[in-house]
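Number of protein chains: 2
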Amino acid sequence: MKYSKNFYTIKSNESIFDSIVDEKNKIGYYKLPFQNCEDIKSFASTVKQKHIAVIGIGGSSLGTYAIYDFLKRTHNFEKKLHFFETTDPIDINDRIKKLDLDDTLFIVISKSGTTIETVSLFKYLHTKTTINALNCVIISESDSKLTQYAHANQMETFEIPKDVGGRFSVFSSVGLLPLACIGVNIEELLHACRDVYSSFFNKKEEYSELMEKARFIIENKHRFNINVIFSYSSALEGFNKWYIQLWGESLGKINVNHTRQAFTPIGLIGPVDQHSFLQLIAEGKRDKTVTFIKVLSREDSTEIPEVPLIGLEELNYLDKLSFSELITQQVDATIQAIDEMNDVPYDVISIQKINAFSIAKLMFRYQLLTSIVGKFVRINTYDQPGVESGKIILKNKLKN
Amino acid sequence: MKYSKNFYTIKSNESIFDSIVDEKNKIGYYKLPFQNCEDIKSFASTVKQKHIAVIGIGGSSLGTYAIYDFLKRTHNFEKKLHFFETTDPIDINDRIKKLDLDDTLFIVISKSGTTIETVSLFKYLHTKTTINALNCVIISESDSKLTQYAHANQMETFEIPKDVGGRFSVFSSVGLLPLACIGVNIEELLHACRDVYSSFFNKKEEYSELMEKARFIIENKHRFNINVIFSYSSALEGFNKWYIQLWGESLGKINVNHTRQAFTPIGLIGPVDQHSFLQLIAEGKRDKTVTFIKVLSREDSTEIPEVPLIGLEELNYLDKLSFSELITQQVDATIQAIDEMNDVPYDVISIQKINAFSIAKLMFRYQLLTSIVGKFVRINTYDQPGVESGKIILKNKLKN
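These protein sequences, in sequence, are chains A and B. Mapping to this note's numbering: the first sequence position 174 is 169, numbers consecutive. Mapping to this note's numbering: the second sequence position 230 is 225, numbers consecutive.
Careful: at least some of the hints might be erroneous.
Same chains, same label: a pair holds when it works inside one copy or across any pair of copies.
Capping the alpha-carbon separation at 30 Å, the derived lysine-lysine pairs in DSSO-like fashion look like this [said to hold, decoys possible]:
no., residue 1, residue 2
1, K394, K75
2, K280, K386
3, K26, K36
4, K26, K348
Everything labelled a hint here was simulated from the structure, so no lab data went into it.
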């Protein structure tokens, strides 16, 4: 067999690293940790409204939601974030009911500026309340039609840089503005990103860990074509959804050798999904890698009390155990069970605490991992050509 | 090659049908459509509390949640259902805040009666309010420790038959009781199940459709090891979760020939996931079958208004379109795009209306499909031995 020039060989870690170093000057998301966000903070400090409604779909909302979902239960935010993304009318009207329309700031987000779902929702909201420069702000590319609309209406605008794709935009104004409005410390988010960035580019811990993980995933991609994240905290449900978009949309591509790639993301929540998906991991076909995410400190001392329940005495060993300890024991027991199977590849990510720093670190790390895997398999990680045909068909249907 | 007696050959549809006919007298869920549920209805009619809290995990809550989630936005239920399943303390306390504890009926559900999560939560709730026969009812196997507790406290009990597994129990008291309490027409649910049942066992429409689908899935299981459901309604998010448990836990098994099976469920919601997972379906490796679920009539006339937005005139073709029509066009456009790819196997399930009958029909159908696929691949569809080792490890950790 004669190898053609294009024949697929897995490059060395060194050469992949070099191409990431090269890419970091071309792809916008690498620069976001170093941005100046004074304008965002100063706008946020003037917001009086109690409700913040994000009108945006996919990359325009998933990242913000991931961070909000992670923090909302433990941080007493004074304002409430709402997300409008679907075109399902039942869902739309249900969500509008939860707003006080006179006390809502609308943040309309669309990179292209002409996303059908976002514009439809935005138009509909005009029938519910007066929308003007006092209660609406626009986030879009600087020369989009939506930004044009904003200028025509003297609305405040924030820019999504052209070289920052939707699913890599959470640390641009897309995520930072709504999060700053409800009081999230956005400097802390960027600080965490910079830590990951410098550890990776200085070839410290993040470099070795991410390279090792990426290499395993790609060397075994045909055997383990499914990548499961098993998050042991309900607060990570939003993160799981964000991960699914990041991984699926970035890596679901045809590569330079015209080969379809094989990485399917799945997001699970523990311990609930021990009662659902775990059986499949344990006894199903060996086609999955599993990444456990565990929270080390919950700072919550809620305990299972010593309540004698007649008949249920055999469970008295639970008495006086804290729920934090119980869930930690649950993740450890599941990891041990998987470990003892010997043929399910897994790793464990530990999160120190439920705070802005932890979630930003986790997310920036996953963006880097996605970029590295993309380089290894020689795809364009940052486009999404596969969804264009559906969009064109829809447009034609609607115009006729 | 000499074929051993056990060598795996795919049996004929006829012989699979015969074994299902045989199984329906042994496995309890087939009998549920024909049960008498007067006791459930009569109990439900006496419930005064406004909040109904289901304490149960996995099969004890996912089915009920699926039906509630499907109906809650369009049906004005006078009572509210709440679900307590995780041991994550932050989540538990967050959910408790949403109850009026003096106006809550607790329904504690555990088939075995000794589920760690359920008993822990139940104990904890005792520190929040007085729990007694006036505000608590127990659903469990008739001779479980939990039922024993109920008897000792003169609490009302409902039975989960021993031959009905958790993930097949939604049409037993597990699902019917909480749903009846909030006013769902449970006779309508059972009526829909009976329709599917008789169509299948009389070899009408459901027989041919389910057999064809099951056969395709198993004949191509190594090629298409992932089964995606793409539901075009936010109201089907609960159904997706229920499907994931049903499919994953039932079919993730080692079969009679000691071969690990290969069926991984994924649940998507449209149009949102067009902006997330669709790219992977469109351009990723051909390892997925896709089932679209579309709602034919939404009985909702919410329209995109004729609001002139300066700059965005190119989207004026959306004006006066109803959101119901838009989402229908979106699913049709996505189906057409997938169809034109020619190598992604898909099918379409249509739901007439958002009502109790439709969701029960869909769910009973999926239970049958799961049973049929299980027969084809020669596994025990109804057990879950793979999660036992983790449970034992946990118990040992906690006792020491």
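Against the structure, the hints come out as follows:
no.	hint	result
1	K394 to K75	neither (37 Å within a copy, 42 Å between copies)
2	K280 to K386	between (35 Å within a copy, 21 Å between copies)
3	K26 to K36	within (18 Å within a copy, 62 Å between copies)
4	K26 to K348	within (26 Å within a copy, 49 Å between copies)
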